Amino acid sequence: MVSPVLRLCMRYRVTGLSSGTGQKSPALFHKFITKRYVEFNFSPEKPCEGKGETSRMNLCQAINSALHTTLVNDPTAVVFGEDVAFGGVFRCTLDLQKRFGKDRVFNSPLCEQGIVGFGIGCAVAGTTAVAEVQFADYIFPAFDQLVNEAAKYRYRSGNQFDCGKLTVRAAWGAVGHGSLYHSQSPESFFAHAAGLKIVIPRGPIKAKGLLLACIQDKDPCIFFEPKVLYRAAVEDVPVKEYTLPLGKADVLVEGDAVTLIGWGTEVHILKEVADMAKEQLKVQCEVIDLVTINPWDVETVCNSVKKTGRVIVAHEAPLTGGFASEITAVIQEECFLHLEAPVQRVTGFDTPFPHVFEPFYLPDKWRCFDAVKKTLTY
Amino acid sequence: MALQRCTKHLFNNVRVCTSLIQSMMCSGGSTSVNPKPDADTPIFPGVQSQWAESLELIHPHSYNKFPVYRVMDRNGCILNPSEEPQLESEFVERMYRTMILLNTMDTVLYESQRQGRISFYMTTFGEEATLIGSAAALAYNDLVYAQYRETGVLLWRGFSVDQFVSQCFGNCEDEGKGRQMPVHYGSKNHHFVTISSPLTTQLPQAVGSAYAYKLANNGRCVIAYFGEGAASEGDAHAAFNFAATLNCPVIFFCRNNGYAISTPTHEQYRGDGIAGHGPGYGITTVRVDGNDTLAVYQVTKASREYAVKENRPVLIEAMTYRLGHHSTSDDSSAYRSLAEVKEWGSLDSPISRLRQYLALKGWWDDAKERSWKEETRKMVVNSLTRAEKVLKPDWKEMFHDVYYDMPAQLS
Numbered sequence: 000m001v002s003p004v005l006r007l008c009m010r011y012r013v014t015g016l017s018s019g020t021g022q023k024s025p026a027l028f029h030k031f032i033t034k035r036y037v038e039f040n041f042s043p044e045k046p047c048e049g050k051g052e053t054s055r056m057n058l059c060q061a062i063n064s065a066l067h068t069t070l071v072n073d074p075t076a077v078v079f080g081e082d083v084a085f086g087g088v089f090r091c092t093l094d095l096q097k098r099f100g101k102d103r104v105f106n107s108p109l110c111e112q113g114i115v116g117f118g119i120g121c122a123v124a125g126t127t128a129v130a131e132v133q134f135a136d137y138i139f140p141a142f143d144q145l146v147n148e149a150a151k152y153r154y155r156s157g158n159q160f161d162c163g164k165l166t167v168r169a170a171w172g173a174v175g176h177g178s179l180y181h182s183q184s185p186e187s188f189f190a191h192a193a194g195l196k197i198v199i200p201r202g203p204i205k206a207k208g209l210l211l212a213c214i215q216d217k218d219p220c221i222f223f224e225p226k227v228l229y230r231a232a233v234e235d236v237p238v239k240e241y242t243l244p245l246g247k248a249d250v251l252v253e254g255d256a257v258t259l260i261g262w263g264t265e266v267h268i269l270k271e272v273a274d275m276a277k278e279q280l281k282v283q284c285e286v287i288d289l290v291t292i293n294p295w296d297v298e299t300v301c302n303s304v305k306k307t308g309r310v311i312v313a314h315e316a317p318l319t320g321g322f323a324s325e326i327t328a329v330i331q332e333e334c335f336l337h338l339e340a341p342v343q344r345v346t347g348f349d350t351p352f353p354h355v356f357e358p359f360y361l362p363d364k365w366r367c368f369d370a371v372k373k374t375l376t377y
Numbered sequence: 000m001a002l003q004r005c006t007k008h009l010f011n012n013v014r015v016c017t018s019l020i021q022s023m024m025c026s027g028g029s030t031s032v033n034p035k036p037d038a039d040t041p042i043f044p045g046v047q048s049q050w051a052e053s054l055e056l057i058h059p060h061s062y063n064k065f066p067v068y069r070v071m072d073r074n075g076c077i078l079n080p081s082e083e084p085q086l087e088s089e090f091v092e093r094m095y096r097t098m099i100l101l102n103t104m105d106t107v108l109y110e111s112q113r114q115g116r117i118s119f120y121m122t123t124f125g126e127e128a129t130l131i132g133s134a135a136a137l138a139y140n141d142l143v144y145a146q147y148r149e150t151g152v153l154l155w156r157g158f159s160v161d162q163f164v165s166q167c168f169g170n171c172e173d174e175g176k177g178r179q180m181p182v183h184y185g186s187k188n189h190h191f192v193t194i195s196s197p198l199t200t201q202l203p204q205a206v207g208s209a210y211a212y213k214l215a216n217n218g219r220c221v222i223a224y225f226g227e228g229a230a231s232e233g234d235a236h237a238a239f240n241f242a243a244t245l246n247c248p249v250i251f252f253c254r255n256n257g258y259a260i261s262t263p264t265h266e267q268y269r270g271d272g273i274a275g276h277g278p279g280y281g282i283t284t285v286r287v288d289g290n291d292t293l294a295v296y297q298v299t300k301a302s303r304e305y306a307v308k309e310n311r312p313v314l315i316e317a318m319t320y321r322l323g324h325h326s327t328s329d330d331s332s333a334y335r336s337l338a339e340v341k342e343w344g345s346l347d348s349p350i351s352r353l354r355q356y357l358a359l360k361g362w363w364d365d366a367k368e369r370s371w372k373e374e375t376r377k378m379v380v381n382s383l384t385r386a387e388k389v390l391k392p393d394w395k396e397m398f399h400d401v402y403y404d405m406p407a408q409l410s
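Protein sequence lines, in the order shown, are assigned to chains A and B. Straight run, no breaks: the first sequence in numbering that gives the first Met the number 0 ends on number 377. Straight run, no breaks: the second sequence in numbering that gives the first Met the number 0 ends on number 410.
Where hints are given, some of them may not hold.
What the hints assert, rightly or not - Heads up, simulated DSSO-like pairs for lysine-lysine below, C-alpha to C-alpha not over 30 Å straight-line:
id, chain 1, residue 1, chain 2, residue 2
1, B, Lys-300, B, Lys-64
2, A, Lys-277, A, Lys-217
3, B, Lys-300, B, Lys-187
4, A, Lys-305, A, Lys-45
5, B, Lys-187, B, Lys-388
6, B, Lys-360, B, Lys-341
7, A, Lys-306, A, Lys-281
8, B, Lys-308, A, Lys-97
9, A, Lys-217, B, Lys-187
10, A, Lys-239, A, Lys-97
11, A, Lys-277, A, Lys-305
12, B, Lys-35, A, Lys-101
13, B, Lys-372, B, Lys-395
14, B, Lys-395, A, Lys-247
15, B, Lys-308, A, Lys-101
16, A, Lys-281, A, Lys-373
17, B, Lys-391, A, Lys-217
18, A, Lys-247, A, Lys-373
19, A, Lys-45, A, Lys-247
20, A, Lys-217, B, Lys-395
No lab work stands behind these hints: they were computed from the structure. Keep in mind that this is a model prediction, so the values were computed, not measured.
Please build the complete structure, drawing on both the sequences and the hints.
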């Protein structure tokens with residue numbers, strides 16, 4: 000059994016580092032670390048059919064558009080969080096306070112438990128509340144309000160009260176140098192709280208439609224936005240209002256060899272892996288974007304697995320208790336006799352999210368491709 | 000299009016943020032605070048105060064403690080006639096009758112738990128004035144967020160004994176559909192948000208609802224009840240700060256009853272109670288004798304007027320004493336003497352005090368007392384006996400209302 004660390008070193012062909020001899024090559028190692036980026040290609044959606052005029056928007060502009068639309072069409076709607084007034088640290092709320100005023104778009108004090116608690120209260124009183132948590136890494140002070148309160152509000156009151164008008168947005172996932180506290184993907188913590196919906200877009204077109212769907216949804220939603228895509232992911236996004244369905248996974252690439260499942264940024268890596276597999280291994284993989292973590296689209300995933308018999312689930316979040324575990328458990332319950340190989344999980348390691356070691360940490364295309372090869376030859 | 004996850008990407012954001020802030024500060028917009036040379040007063044963005052040229056560490060004892068407002072003495076006599084609320088006899092009698100009904104219901108339901116008929120109960124003994132006095136001063140549709148010892152507020156609003164008892168049994172007449180422990184009441188029709196066990200979570204929620212009411216301009220306020228123990232939770236700090244910075248018409252009503260389960264106040268806080276927090280957050284504050292129904296009424300009425308008119312929060316700290324155990328799972332003789340409880344009950348009972356006021360006014364007598372107590376007992380016992388026989392909700396209710404629509408994995 001080769002340790003993950005050694006496996007990584009072997010893959011990146013760092014000479015002189017082995018488990019036995021302890022012969023290190025510091026100069027080479029240093030050069031390797033500073034030169035090595037984790038590359039991925041953002042794979043844009045084709046422009047939508049029949050949704051009218053479109054405009055080139057990046058992810059944060061698409062989100063801005065969704066918030067703008069909400070503030071125009073829903074007179075009760077409010078948008079708040081730390082620093083949203085001037086436009087937000089990622090500029091997702093740019094110009095909203097100017098256009099809609101301080102009563103509806105405003106800064107809150109620096110207090111996530113307050114932001115979410117306040118948002119719940121707004122929602123209970125009939126106001127559409129879109130709360131921002133600056134980084135998903137900082138959502139934990141609001142864990143009690145989300146898990147013990149928001150998730151359970153309707154159930155515990157016998158449906159007399161609910162906070163469905165609450166949506167919590169947070170910047171999510173690896174960004175290249177975010178390290179422990181600007182890179183986390185905490186979706187699996189919240190997947191465990193029935194009553195919440197958790198949604199993660201892969202690009203601008205999905206983001207606008209899904210965010211509008213979350214805001215209009217009758218249940219409290221958490222909307223995680225892949226921050227690395229904010230500026231760099233650009234698509235032709237419909238200008239007018241549209242929603243996309245929650246709880247529905249997207250099959251982005253059809254295939255019959257291996258099912259590749261991911262969400263958010265990882266979807267783009269998996270698309271590339273599918274291309275690599277086609278070119279190098281002459282097999283066609285099926286790529287699925289889960290889109291909604293909870294409730295997740297079991298049917299679409301199982302239909303695919305029953306077709307391919309082989310599955311890779313990839314996410315940036317750490318391995319143990321990561322959402323891949325849940326998907327894997329259901330797959331083996333529902334599709335056991337169809338499986339040709341165990342479900343592979345390619346994920347972050349069970350460590351905090353590191354800084355300079357990020358390229359090793361992430362489930363990049365090479366780790367995923369390795370998993371594809373492994374599952375095909377099982 | 001190839002991307003590189005490298006420092007340039009986030010640096011761009013940081014550079015933008017910094018330059019935006021700089022431009023806002025230089026342009027003299029609303030956020031700019033320009034330093035002046037040799038100013039008479041300090042002009043830091045964070046404070047409006049004076050200079051001090053001799054060093055003084057300011058100790059807590061040098062701050063004045065909040066006085067305790069009262070209207071009656073312990074014998075029900077009005078101390079300052081100009082402070083006596085001019086209430087109709089029917090209204091004050093209704094307050095007193097509700098306190099007796101509350102007391103009776105608490106007694107019977109506590110006993111019923113001891114007998115194994117319900118699983119759990121929490122009484123409000125000793126705090127009847129805080130609840131009825133405040134509830135009576137609110138508008139019917141002011142939204143109430145409570146902790147768990149505010150049964151009296153819901154009773155005042157018109158929630159029936161049958162409804163209370165149904166919730167305790169979790170039978171199919173329970174508004175909450177049998178999902179929660181006893182005393183976790185809630186009623187949309189009575190504008191009383193369903194209680195949840197985690198303490199203090201209701202405080203920032205109350206602030207959010209108040210903000211929503213402000214935007215809706217509907218003339219309503221929100222009241223959030225909590226104990227002095229719950230005030231130690233982080234959510235209290237969050238709520239106070241949000242209410243003050245966002246200008247919310249919310250009343251924070253603290254029942255300081257001396258104990259958080261077994262923890263006495265001197266182990267809960269070191270400052271001037273909960274009222275002492277108010278000025279720290281920029282919140283208008285008042286402390287009141289919580290066993291004086293008329294004082295609680297006056298304070299709540301004035302606070303409500305202020306909150307709604309100014310869209311500002313108010314913090315009320317009602318000083319009282321928890322005569323009962325924390326709950327049926329508690330035996331308070333483990334941490335306080337029976338003598339202490341007995342003394343408080345006989346020297347400063349909120350019910351006795353109001354009764355004496357009524358008697359002095361000629362609005363109450365022994366016959367009425369006997370008759371009403373009998374009636375309340377019959378009412379509650381009948382309700383209990385009936386509710387015991389009502390069936391529980393269908394087992395399918397365990398799976399409903401998790402989401403608005405039932406998800407595939409539950410159906």
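Run through the hints listed earlier and report the numbers of any the structure violates, in increasing order.
The structure conflicts with hints 2 and 13, although it agrees with all the remaining ones.
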